[in-house]
Amino acid sequence: MKSLAELQAIRDRMQKQIDLRDAGDDRIRVVVGMATCGIAAGARPVLAAFLEEVEKRGLKNISVSQTGCIGVCRLEPIVEVYVPGQEKVTYVKMTADKVPGIVSEHLVNGRVVTELTIGAAE
Amino acid sequence: MKDISLHILDIAQNSVTAGAKRIDLTLEEEGGRVVLTVADDGCGMSPELLAHACDPFTTTRTTRKMGLGIPLLRMSAEQTGGSFSIESTQNVGTRTQAVFHSGHIDCPPLGDLADTVALLVQGAPQLRCVYTRRREGRGFTMDTQQLREQLGEGISLAEPEIVLWLREYLQEQEQALREAGQSR
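Sequence lines, in order, name chains A and B. Here the first sequence is numbered in my numbering, starting from 380 and rising by one per residue. Here the second sequence is numbered in my numbering, starting from 9 and rising by one per residue.
Pulled out of the complex, with its shape left as it was, chain A reads as follows (with noise of 0.2 angstroms):
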């Protein structure tokens, strides 16, 4: 059974690792819809599954963070991409299933999946 104070130990080993990332300015963004439309569309398991991938291939210079309505609520749910100067880059209608491809392809190897975006959808 998990405690508490198992969160010491996560305390030390994160300490020695925010120096090299608070260095600059160049994290890439992926922001997950959250409003009553992403959430009735499956958004919870599409932005866990970005947490997990994250956590998983030990990505720190990566945010995962939470919007609210971005505004095509019958695309949801939507996750969009911001990768320092560049445009951004909507997915939609995303399952958890497609998680891992995004994080490969375009968050590691900076190659967009275009058929997965707003702009194949539309």
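Hints should not be assumed to be uniformly reliable.
[Said to hold, decoys possible] 20 angstroms max Cα-Cα, derived EDC-like pairs, lysine to aspartate or glutamate: (1) A/K395 - B/E161; (2) A/K395 - B/E169; (3) A/K395 - B/E157; (4) A/K439 - B/E169; (5) A/K381 - B/E95; (6) A/K435 - B/D123; (7) A/K381 - B/D123; (8) A/K381 - B/E187; (9) A/K381 - B/D63; (10) A/K381 - B/D114; (11) A/K381 - B/E56; (12) A/K435 - A/D476; (13) B/K10 - B/D49; (14) A/K381 - B/E180.
Keep in mind that the hints were calculated from the coordinates and are not lab data.
We have chain A already, so just place chain B on it with the hints.
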């Protein structure tokens, strides 16, 4: 919304938007009833807004004149023969309560509560979240203040490693609660 945990994730967002510093989520299963209470110390609502809070054509959002979070939760609770209430005082906070009758065929399942609470913390790491879970006389409480005490101020609760740890922690607590109920 397929289950109660998704409703929680959704309406807790209202407390974040209301600028709350603390949110108390309580989910109790007792004698055939499931009672969900969400209380915050956010900006509250004026009597005029409160009177319309259950109207789907009411929202504080500025992009579109519609908000379905509260109406969907209310419908979901009332479909089981349960009830729904909101109390709110401006500059003090808001308290929302939904009562479900778990024996009713339309009662949604509880869903993945651990996932909901962990992701709620991920979305609002500054918010103090006190989650209380009770089931037939047993229960546990998770207070993010305690996590903060262990972690210190430098580390955000939104870090994937912390969120996934919290989810697993809550899953174990939930599991233990259900097993304790079965062994009686």
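Hint-by-hint comparison with the structure:
1. In summary, the hint linking A/K395 to B/E161 is supported, as the alpha carbons are separated by about 15 angstroms, within the 20 angstroms threshold.
2. Proposed proximity of A/K395 and B/E169 is supported: the alpha carbons are some 14 angstroms apart, at most 20 angstroms.
3. For the hint pairing A/K395 with B/E157, the CA-to-CA distance comes to about 19 angstroms; that is within 20 angstroms, so the pair holds.
4. For a cut-off of 20 angstroms, the pair hint linking A/K439 to B/E169 stands: about 11 angstroms separates their Cα positions.
5. Simply put, A/K381 and B/E95 have alpha-carbon atoms about 36 angstroms apart, too far for the 20 angstroms limit, and the pair is violated.
6. A hinted pair counts as satisfied when its Cα atoms are at most 20 angstroms apart, and A/K435 with B/D123 qualifies at roughly 17 angstroms.
7. As the CA atoms of A/K381 and B/D123 are separated by approximately 16 angstroms, the hinted pair is consistent with the 20 angstroms bound.
8. Among the hinted pairs, A/K381 with B/E187 is consistent with the structure: their alpha-carbon atoms are about 16 angstroms apart, no more than 20 angstroms.
9. At most 20 angstroms may separate the alpha-carbon atoms for a hinted pair to count; A/K381 and B/D63 exceed this at roughly 43 angstroms.
10. The straight-line distance between the Cα atoms of A/K381 and B/D114 is roughly 35 angstroms, outside the 20 angstroms bound, and the hint therefore fails.
11. Note on A/K381 and B/E56: the hinted pairing is violated, with a Cα-Cα distance of about 46 angstroms set against a maximum of 20 angstroms.
12. Under the criterion of a C-alpha separation no larger than 20 angstroms, the hint pairing A/K435 with A/D476 is consistent with the structure, at around 15 angstroms.
13. A C-alpha spacing of about 28 angstroms is found between B/K10 and B/D49, which places the hinted pair above 20 angstroms, so the restraint is violated.
14. Straight-line distance between C-alpha atoms of A/K381 and B/E180 comes to about 7 angstroms, which keeps the hinted pair within the 20 angstroms bound.
Checked against the numbered hints above, the structure violates hints 5, 9, 10, 11, 13; every other hint is satisfied.
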